[in-house]
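With the hints as extra help, turn the sequences into a complete structure.
Here the protein sequences come in this chain order: V and X.
Numbering follows our numbering, with no gaps: position 41 of the first sequence is 41.
Numbering follows our numbering, with no gaps: position 126 of the second sequence is 502.
It is possible that some hints are incorrect.
[As the list claims (entries may be wrong)] Listed below are the simulated DSS-like cross-link pairs for lysine-lysine, each with C-alpha atoms no more than 30 angstroms apart in a straight line:
#1 Lys43(V) with Lys662(X)
#2 Lys662(X) with Lys419(X)
#3 Lys745(X) with Lys43(V)
#4 Lys483(X) with Lys290(V)
#5 Lys15(V) with Lys174(V)
#6 Lys666(X) with Lys43(V)
#7 Lys286(V) with Lys419(X)
It should be emphasised that the hints constitute simulated quantities derived from the structure, not laboratory data.
2 protein chains.
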Amino acid sequence: MTKAFSFRLLATDGKARRGEIAMPRGSVRTPAFMPVGTGGTVKAMYMDQVRAAGSDIILGNTYHLMLRPGAERVARLGGLHEFARWPRPILTDSGGFQVMSLAALRKVTETGVTFRSHIDGSAHEMSPERSIEIQGLLDSDIQMQLDECVALPAGEQEIERAMELSLRWAERCKAAFGNQPGKAMFGIVQGGDVARLRLRSAEVLGAMDLKGYAVGGLAVGEPQATMLEMLDVTCPALPAGKPRYLMGVGTPDDILQSVARGIDMFDCVMPTRAGRHGLAYTRRGKVNLKNARHADDPRPLDEESDCPAARDYSRAYLHHLVRSGESLAGMLLTWNNIAYYQSLMQSIRDAIEAGEFEARAAGIQEGWKRGDLPAL
Amino acid sequence: MTKAFSFRLLATDGKARRGEIAMPRGSVRTPAFMPVGTGGTVKAMYMDQVRAAGSDIILGNTYHLMLRPGAERVARLGGLHEFARWPRPILTDSGGFQVMSLAALRKVTETGVTFRSHIDGSAHEMSPERSIEIQGLLDSDIQMQLDECVALPAGEQEIERAMELSLRWAERCKAAFGNQPGKAMFGIVQGGDVARLRLRSAEVLGAMDLKGYAVGGLAVGEPQATMLEMLDVTCPALPAGKPRYLMGVGTPDDILQSVARGIDMFDCVMPTRAGRHGLAYTRRGKVNLKNARHADDPRPLDEESDCPAARDYSRAYLHHLVRSGESLAGMLLTWNNIAYYQSLMQSIRDAIEAGEFEARAAGIQEGWKRGDLPAL
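In structure tokens:
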């Protein structure tokens, strides 16, 4: 078993990278998509389905878990892997992003953030040191620095202030994390939509020699073109030998475009959230099962899929479940969506290995554009 | 493959009966519990879990399915088995009970019932003939006569009127069902809590030589003792060579007590509904996972269960999922509950075969009475 966290580049194709992260709890094939397991569960799925769909790693949300069931409790119960029955690698965010988006009465100072829980109003403090402590209690394999993420659009001065604060917090997180060979703490590049600030953030973090780097503060309201422009600026400024994680992204097309710019890791609630709202991701684009056109359609979502949810259930049945508000609707569509995302990642990895990333990516985009099967 | 519907008694122990219903789509070991698949789905479960838990047959609700997705639509899609991906036997109720409990503006005449949908207010008619027609469109294996079920307590005159009407409707359903060797149409004994009326109903229905008999209009508000008293009166009046189905019952103890009186089949929403509300049925009685005592408990619900939901997940995790309103809570607890009900049925069948029903039933009740594990 691998004792130390490591990252190997196996192949490149243009800027696209095919790699592998090795960790004691398992390896992660990159480019990788991490299903979001907010509160210790990938909503409406069994962990064996998450794994069988091709997931090597899942994400846990520090903010949610610290509030419920509580980090100390998870630690007493043997850590998040044991608690949630996912023995493979877990990445946890720092909690910062969700403090900013969910908590009440939040206040950011040099020290950290104070806020009140959105669940019960209880008061909490989150410093860089406490964030790393919590992630340690959860026993997560890849931990994230605490940062301040500014919603776009925002003024340059505000973006710069938050970015500089995040750099100082990165140093404190690095110190708090210390030397843990089997695990990693990633820094987060901030700087909003300002190229100069992104460069500065990437360079300062790069000099810290962290085990991996995230790009944060994107997909927070800006157009896709702005996001991709920031990746064009940021990726080349990051150390080539370290994994690069684009936080909270995104649509299947966002993923293709970001891999093309050198991103290795992704997480997003889209496939799980959309699944609970009647939307299926497929190789023919998004399919809205609420639509009446499916009511009499005996065809499956995708007869060629390996995923039973996509292959074995009629659209008519899925439509009926969605319209009736049945739990099984969310169960099947979430399963389909995670399986589709993971099959997309597998196609991407195969394409890079074959040196055909650009052509295959175009083919995948073509499939989305052609759209769903004609109605019967 | 069996071509004709048949029922064989394999063993008796006191009044308890061990039997087997054979049908073209599979056989049903009795005493049997039928999970309720209201709208073409046993809520929050995959059909392969329902089967693996030991279910030989499930129940579909005619009222729900006729309104959504519609019986003619299900027929066009290949019938309910194909639609819901359950290839084994299905029993459908007549729709009458739920018209009475769910629909608006319902009106009962000699002809049948008119009502408005609780979903969209649309107007519908349900006659004995239409109920059988709908159940035929669904292609169900065991169909039920349309009856009128009176909530208890009720006046004797009202109970008698509804019972006599139900007898006349049974004749019309029998005629509408005709000769279908591979399927069955069951009559329903009514008569409320009045022994004289139960006897009259059982005798008239018995003379019709139907393929099976249900006892309806119980577990509708009366004490358990009243229900059991009615079974004491009714069961001996029913033909010994036909299966007996106690509709909508019940708790694990209701099932034990009713098997002791000669009942062969059961259905109930309790295990599925309770699962979605944080309640687990176990051999140690009901366990409320919402309770704070489970928050730090690493033990599973039942380490000796064959069901992964009972055996592999900590109470602390289940508690967390229930408190957080996660879909996985309902998925796991429903799975546990159906598995527990089916393991109870298996114990009952084994006990009757061994001629030890009374002793083993007492042992099972003892287990419930001892209660859950002491808190840690």
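Problem - Violated hints - listed by number, lowest first - result: 3, 4
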